[in-house]
Amino acid sequence: MKRRWRFRPDQSQRKRILELAERYQAYELALALMTVPQQAPLSEEDLVQALENPEMRQHLKQFLEYEGRRKYLSLAITIGRPIHPCALGIYRVYVGWRVFKTDGGPELLESKQYEEIEQRLLAQLEHAPSLDEVLRVVRGSFVRELEAADANYGGHIQLLEEIPEPAQELLKDKRVRVLRSFREIMDYIEDHQLLHMHSPTLRAPYAQQRIWRVLSRYQAGVLLHIEGEGFVLISPACQVAWSLAYPGSNLHYYTRRLGAIYRNFGRVLEELSGDYDDPF
Amino acid sequence: MKVHVVGIGRLELPEKLVERLARVAARSPRAAEWVWLPLNAYSATREDVERIFEWMASFPLERLRRLLVRTPPSLLLSVLYDLTRNPDTLEVYLQAPSSVSLFILQSLPNRISIIKRFLDRYGRPKRWYFERNTSRLQSLTRSFGMQPCFNLLILTYDDFHVLIGDRDAKAVGHAAADIEATLALSSRPEPAEADS
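Heads up: the sequence lines are chains A and B, in that order.
Counted from 1, the first sequence has number 755 at position 168 by our numbering; the numbering is strictly sequential.
Counted from 1, the second sequence has number 687 at position 83 by our numbering; the numbering is strictly sequential.
The shape of chain B in the complex, shown without the other chains:
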């Protein structure tokens, strides 16, 4: 069975992946419909795409299904390309609600390991929120003494909030100082992962 990848051509899907996809489709058919569409690989090369397919085939079934359900087919290969490059990304991408997961991947790529640390230590937050209102974003960063940023993710736990911006992060609420101390949030800005 072959998939059309724009700019690369028709690529053979691994047998095992086809089997996996049939199983996924039995549960949720929409998740496997991308097989018939022309896919866009953006900057990925033929080898990358082949590796991505191999990786998908080795994936646990339920995870594969969740991954496919929440990813739009038009972005599938680019998202998977990001996920293969960094193992932390996959955790965060799958744990976040589908309304913010793509935003995290695309606009806060270098904050993903911080989010991962939060998830490991405090579990899933009650609420994930991506601040899109510019004026509210400015007033938030200013009132909490953060550096100005374009994208702000707010994780809400039971008794504290965590604000994660482009350049730094801040914990707010009960025991905020402890959280910042343990996770070393504001003292050490995260190195940009695009460089490494």
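Extracted from the complex, chain A is given alone in its bound form:
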């Protein structure tokens, strides 16, 4: 096992910490600092500064609630700004140990660079992304994926405009819309749904294989939007090649039913003609 250096205050430091705790009525912080081995050394000025600020004191008390993060308490005090304990873990991994490691010598230059990085990272950590920003990112990735799919399959596979006959029976109660391109899918996804959906893994190897296998016979497919349920890409023979469901619903039902219709169709053909080979 890898042994790490942990910092424990010695007797005189413990006395000093206790004095400060008495002055600022922050006994639980003192208790934590004395009993939990810390991952970074702590200077007295930092401690006094943190304890003087009531907001920071409150933050540090909440900090103790996080079970895995108590050992970073002194690090949090050293930073001196209220940062979320989980963000502090990231901070420690990328910056903290380097900053504490260096003290002059050949590593000084490196430490200067890291200090710069540290400041930047701190600024980012303090600013949690808003919902809009997250949405923008997710929407962007969806759009990129779908446009890539259009570009991929555009030349090879034609998207038809009519619902194939065997599927009409199954979909007659639903409100169904035929889409011209993958990009159009984004018009029917709302923001609150977007964050809970799986990504449209159109470019994943298995999805590509399946789409190609199902659609290659006719070199054509139909992209359907079933309202309230999701999106399905089916071949003219009604086998499902790809689907994307809205959160809380799934399309396995269609996969089974449409596939079943196709299989039955094949069996009927076989019975009628006595000569039918399964294309797949």
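Take the hints with a grain of salt, since some may be wrong.
Incomplete in silico selection of chain A near chain B, CB under 10 angstroms [as the list claims (entries may be wrong)]:
hint, residue
1, L616
2, A617
3, L620
4, T622
5, L709
25 angstroms max Cα-Cα, derived DSS-like pairs, lysine-lysine [unchecked claim]:
hint, chain 1, residue 1, chain 2, residue 2
6, B, K720, B, K730
7, B, K620, B, K606
8, A, K602, B, K606
9, A, K648, A, K658
10, B, K730, B, K774
11, A, K602, A, K648
12, A, K648, A, K699
13, B, K606, A, K658
14, B, K620, A, K648
15, A, K648, B, K606
16, B, K620, A, K602
17, B, K720, B, K774
Hints are computed from structural coordinates only; laboratory data are not their basis.
Ideal Cβ positions, reconstructed from N, Cα and C, are used throughout, including at glycine.
Starting from the known structure of chain A, fit chain B onto it as the hints suggest.
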């Protein structure tokens, strides 16, 4: 500040106890580390545990420290539960060396008041010894005419020994008869405290 007690949940520690624990930790940090561990309360209920914490908070500081130092965190609540129920127990538990105190508490619970009487009358013995060798235990009880027992505590004073078994006790050595007479050792077996 909250402590996790298994089967009960997270309990708030009294402010005063937190303060006390910080003071204890300044002297010996190991003694206060149980605060971060999940504690096992065994049969004690939520009210019992809360009462135990209150009781700890009202404790003199040095005693609290000694108590915490000698008690393993895994047994902390069960030991404290025993101590709150009987005031004699605390004296004996703290005066005995840490190597036997837990044994006394767990295997001779109904002899504790006898030990307490010895401590009051003759002071701390020179040596506390818990006999664990079965054959030696048998030969000891047989040669001194005691009833057979599983646990035997031997207190050694300057000129006499006291053997305390599960069911009876015996003084050996100079003026043994006087000791037995004054403390009424073998004539009247101690009533089991578990019943009362």
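Each hint, compared with the structure:
no.	hint	result
1	L616	holds, 9 angstroms
2	A617	holds, 5 angstroms
3	L620	holds, 9 angstroms
4	T622	holds, 5 angstroms
5	L709	violated, 28 angstroms
6	B/K720 / B/K730	holds, 15 angstroms
7	B/K620 / B/K606	holds, 13 angstroms
8	A/K602 / B/K606	holds, 24 angstroms
9	A/K648 / A/K658	holds, 13 angstroms
10	B/K730 / B/K774	holds, 17 angstroms
11	A/K602 / A/K648	holds, 20 angstroms
12	A/K648 / A/K699	violated, 32 angstroms
13	B/K606 / A/K658	holds, 17 angstroms
14	B/K620 / A/K648	holds, 16 angstroms
15	A/K648 / B/K606	holds, 11 angstroms
16	B/K620 / A/K602	holds, 18 angstroms
17	B/K720 / B/K774	holds, 15 angstroms
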